[in-house]
Amino acid sequence: MTVHENFSIRHLTDAILESYEVESVIIKVGARDQISSTVVAEIVENLRMLIFAGFFGQKKLKMDSIEYYVGDLLESLVYHLQKQITRALLNVTEDEPKAEREAERVTHEFLSRVPELRRLLATDVEAFFDGDPAAFNTDEIIWSYPGIYAIMVYRVAHELYLLGVPLIPRMMTESAHGKTGIDIHPGATVGHHFFVDHGTGIVIGETTIIGNHVKIYQGVTLGALSTRGGQVLKGVKRHPTIEDHVTIYSGASILGGATVIGEGVVIGSNAFITKSVPEKTRVSVKNPELQFKDDDTTRSVEFNQEEFWDYVI
Amino acid sequence: MTVHENFSIRHLTDAILESYEVESVIIKVGARDQISSTVVAEIVENLRMLIFAGFFGQKKLKMDSIEYYVGDLLESLVYHLQKQITRALLNVTEDEPKAEREAERVTHEFLSRVPELRRLLATDVEAFFDGDPAAFNTDEIIWSYPGIYAIMVYRVAHELYLLGVPLIPRMMTESAHGKTGIDIHPGATVGHHFFVDHGTGIVIGETTIIGNHVKIYQGVTLGALSTRGGQVLKGVKRHPTIEDHVTIYSGASILGGATVIGEGVVIGSNAFITKSVPEKTRVSVKNPELQFKDDDTTRSVEFNQEEFWDYVI
Amino acid sequence: MTVHENFSIRHLTDAILESYEVESVIIKVGARDQISSTVVAEIVENLRMLIFAGFFGQKKLKMDSIEYYVGDLLESLVYHLQKQITRALLNVTEDEPKAEREAERVTHEFLSRVPELRRLLATDVEAFFDGDPAAFNTDEIIWSYPGIYAIMVYRVAHELYLLGVPLIPRMMTESAHGKTGIDIHPGATVGHHFFVDHGTGIVIGETTIIGNHVKIYQGVTLGALSTRGGQVLKGVKRHPTIEDHVTIYSGASILGGATVIGEGVVIGSNAFITKSVPEKTRVSVKNPELQFKDDDTTRSVEFNQEEFWDYVI
Chain A
0 MTVHENFSIR
10 HLTDAILESY
20 EVESVIIKVG
30 ARDQISSTVV
40 AEIVENLRML
50 IFAGFFGQKK
60 LKMDSIEYYV
70 GDLLESLVYH
80 LQKQITRALL
90 NVTEDEPKAE
100 REAERVTHEF
110 LSRVPELRRL
120 LATDVEAFFD
130 GDPAAFNTDE
140 IIWSYPGIYA
150 IMVYRVAHEL
160 YLLGVPLIPR
170 MMTESAHGKT
180 GIDIHPGATV
190 GHHFFVDHGT
200 GIVIGETTII
210 GNHVKIYQGV
220 TLGALSTRGG
230 QVLKGVKRHP
240 TIEDHVTIYS
250 GASILGGATV
260 IGEGVVIGSN
270 AFITKSVPEK
280 TRVSVKNPEL
290 QFKDDDTTRS
300 VEFNQEEFWD
310 YVI
Chain B
0 MTVHENFSIR
10 HLTDAILESY
20 EVESVIIKVG
30 ARDQISSTVV
40 AEIVENLRML
50 IFAGFFGQKK
60 LKMDSIEYYV
70 GDLLESLVYH
80 LQKQITRALL
90 NVTEDEPKAE
100 REAERVTHEF
110 LSRVPELRRL
120 LATDVEAFFD
130 GDPAAFNTDE
140 IIWSYPGIYA
150 IMVYRVAHEL
160 YLLGVPLIPR
170 MMTESAHGKT
180 GIDIHPGATV
190 GHHFFVDHGT
200 GIVIGETTII
210 GNHVKIYQGV
220 TLGALSTRGG
230 QVLKGVKRHP
240 TIEDHVTIYS
250 GASILGGATV
260 IGEGVVIGSN
270 AFITKSVPEK
280 TRVSVKNPEL
290 QFKDDDTTRS
300 VEFNQEEFWD
310 YVI
Chain C
0 MTVHENFSIR
10 HLTDAILESY
20 EVESVIIKVG
30 ARDQISSTVV
40 AEIVENLRML
50 IFAGFFGQKK
60 LKMDSIEYYV
70 GDLLESLVYH
80 LQKQITRALL
90 NVTEDEPKAE
100 REAERVTHEF
110 LSRVPELRRL
120 LATDVEAFFD
130 GDPAAFNTDE
140 IIWSYPGIYA
150 IMVYRVAHEL
160 YLLGVPLIPR
170 MMTESAHGKT
180 GIDIHPGATV
190 GHHFFVDHGT
200 GIVIGETTII
210 GNHVKIYQGV
220 TLGALSTRGG
230 QVLKGVKRHP
240 TIEDHVTIYS
250 GASILGGATV
260 IGEGVVIGSN
270 AFITKSVPEK
280 TRVSVKNPEL
290 QFKDDDTTRS
300 VEFNQEEFWD
310 YVI
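Chains as they are written, first to last, in numbering that gives the first Met the number 0: chain A, 0 to 312; chain B, 0 to 312; chain C, 0 to 312.
You can trust all of the hints, since none of them are fake.
All copies of an identical chain are treated as equivalent in the list; a pair is satisfied when it fits inside any one copy or across any two copies.
Derived DSSO-like pairs (lysine-lysine); straight-line CA-CA distance at most 30 Å:
1. LYS27 - LYS178
2. LYS233 - LYS178
3. LYS58 - LYS82
4. LYS236 - LYS274
5. LYS59 - LYS97
6. LYS59 - LYS178
7. LYS58 - LYS97
8. LYS27 - LYS233
9. LYS59 - LYS82
10. LYS178 - LYS58
Honestly, the hints are just simulated from the structure, not real lab data.
All values reported here derive from a predicted model rather than from experimental measurement.
Construct all of the structure, not just a fragment, from the sequences and the given hints.
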């Protein structure tokens with residue numbers, strides 16, 4: 000490195016150290032270890048290998064060694080989860096021994112719920128296969144479908160959220176959001192047989208409640224009505240309730256904490272809903288007039304609404 | 000590890016082994032090697048290095064060593080493709096030698112089509128450059144544009160799909176979907192000079208047929224009309240046909256297996272189309288009335304449709 | 000490898016070499032080193048570790064060693080940035096020594112702007128926290144929020160774009176687009192306190208100008224009106240101007256280089272805007288009629304527009 004470079008690097012270093020003092024909120028300084036998003040990502044991959052055993056990773060799943068397959072994964076999960084959860088809890092308490100005890104408790108409580116998570120995810124895989132004519136078999140869904148990946152990560156993160164773990168659940172769902180374009184907040188509540196197709200652009204807010212056998216397509220927003228309050232709205236139910244056997248087609252928005260979509264409702268593509276809808280209703284946008292033009296004429300036609308009930312990709 | 004931890008891990012292991020017996024559909028047990036999504040991802044990267052030679056990877060492409068560059072890539076591709084295709088075929092046949100012979104045949108047939116894939120992709124790169132004022136040069140398109148990456152992976156996966164390889168093609172396109180937000184089913188048929196701009200949220204269904212010189216923007220759905228049948232609809236043409244020189248602007252949905260968009264048609268942003276459109280027509284949503292409010296008045300205006308023919312980002 | 004395989008690989012190699020001669024535009028041949036997207040990705044990660052110090056990477060940020068933390072990062076950044084920028088500049092000039100001198104100048108100029116980038120990003124983090132009731136604290140935003148990642152990469156790429164570096168800025172923003180679904184062209188101009196929520200599907204074009212305290216939600220397009228010119232339109236202002244304190248809700252499109260959205264304007268969800276909007280106006284789509292159906296009746300209702308001012312997820 001040239002003298003000039005040496006000089007300029009010292010110069011740049013000083014300028015940045017100065018800026019660390021001014022913009023100190025966006026640095027994380029201290030001897031304490033921080034949550035590692037890399038390790039959290041590895042934890043998610045190990046949980047996936049535990050839940051969908053034999054589908055991912057290098058290890059082969061053989062009947063005669065299945066116990067070691069599970070034991071190895073659990074040992075590594077216990078170790079890393081406890082460490083990361085401890086670090087997360089130290090963001091809300093100063094008491095290190097307390098954080099460690101709590102992390103151990105939470106880790107074991109969480110891992111004891113994995114069989115229940117598997118039970119739910121088996122119903123999701125079933126819903127995906129029944130709902131998608133393009134699915135070759137359930138293996139393809141587990142190997143390839145972004146929807147099942149996003150739901151798995153959400154279900155895992157939701158349990159940690161319920162157990163009061165800060166930061167890590169959102170870190171998990173945002174990493175799945177990055178991989179799939181499906182943004183499910185870990186605070187949302189979702190029943191069994193949940194089907195998400197394609198999924199890109201889906202947003203499901205923190206206080207959303209979703210029942211069983213619900214189908215949601217790409218670009219659907221389950222959101223809130225008003226941002227006015229900002230942080231003041233923390234904890235308030237701001238997002239809708241979707242009851243059992245509801246189907247919501249692509250691009251629809253359903254907004255508001257008091258909005259309840261009744262059992263068996265079908266919401267058509269691009270509908271914009273801010274009020275409750277009674278059960279067994281089918282809602283669709285009355286198709287906006289389309290204008291057809293060619294070189295010599297202009298024709299206006301309206302589509303027959305009947306035609307696009309219940310479409311799917 | 001403490002005795003307590005040892006105990007609890009044994010306890011957790013038993014619970015999970017039990018759940019493997021109950022939810023056995025979502026585990027993959029057996030001595031047989033499974034498809035590795037990691038290896039499939041490496042295959043895609045090697046194919047990209049073969050198709051867009053010299054743009055990606057560590058190896059430099061020099062004229063005097065170009066033969067070794069290609070030979071090395073092909074050797075590795077032949078080896079890994081045969082192995083993964085064999086594993087894929089063993090999901091549909093028990094006959095291992097037959098699967099191996101078939102995998103060898105398919106691998107060589109597929110690789111012999113790479114020059115044709117390059118010919119098509121060269122037309123796509125040309126269409127991208129001609130279509131996007133923001134493009135610096137064709138190198139930038141190959142290095143940076145998600146659309147060209149998604150189309151490359153689709154074209155590769157489509158050939159494997161045509162050669163009857165199960166699972167792997169969808170694994171490839173879903174991985175590209177994850178990277179780009181562009182979801183093109185490997186079963187779709189796409190002509191030359193295909194231009195996809197921005198691309199996030201695009202969904203192109205399994206039985207879609209797309210002609211030459213077609214332009215598609217972000218958030219466009221080429222989908223199916225009805226989900227009623229589920230798996231029963233497998234194989235039926237459920238998605239539209241798009242003829243040559245069609246442009247489809249952002250957020251438009253075109254649905255139904257009988258829907259044909261004629262040559263030279265322009266579909267305006269957010270249009271929702273469930274019927275065929277005759278050639279050389281320009282279709283747009285008659286813009287919904289907008290409401291403008293300020294503190295003292297409320298005005299309603301309608302936009303002049305003329306203004307937003309043929310917009311692009 | 001069997002003789003047969005050897006033969007066929009030689010055969011395939013010849014076919015591909017032939018195709019390299021025909022489709023020579025999509026190969027990059029020559030002794031010269033090319034830009035490495037892998038190294039560019041590492042540069043972005045190192046810049047993130049420099050800007051949000053202590054949040055990412057293995058190195059702990061301790062007060063007593065903070066100078067070394069910064070110095071190490073800067074040394075590696077200077078080395079790799081100069082190398083990659085030199086390679087980028089050699090796409091526009093043949094003069095290698097000139098390219099190297101220019102790369103050194105640009106690298107040091109760019110790194111001297113990092114404190115200013117940190118100042119801006121601190122205002123963005125503040126805007127995210129104030130705007131999102133679901134945010135636990137500012138750490139969660141820095142660790143998890145795709146919007147803050149996309150804005151950081153955009154701000155970095157924009158500085159390189161202003162310094163006349165070809166190819167690399169777009170490579171950076173497209174990689175962030177892939178990770179987040181948020182597509183901000185490095186040429187766009189964006190003020191302080193920029194808030195992007197969820198973000199999937201957002202497209203912000205090359206000549207867009209965005210003021211301070213602007214909020215944008217998922218699926219918003221800030222685009223151009225006409226594609227007719229293609230490459231001819233390079234450099235022309237094709238994208239809108241958004242003034243201070245504007246909020247644009249999900250799915251809205253604002254198009255055209257002459258379109259100015261005045262200070263304090265609120266654009267409702269799914270609005271399609273191709274004309275300027277005066278300051279302090281609230282624009283919303285007059286909600287399209289919705290059709291409600293059940294087994295025995297068909298009711299049509301229109302929503303009360305009031306209800307969905309200012310909603311957010």
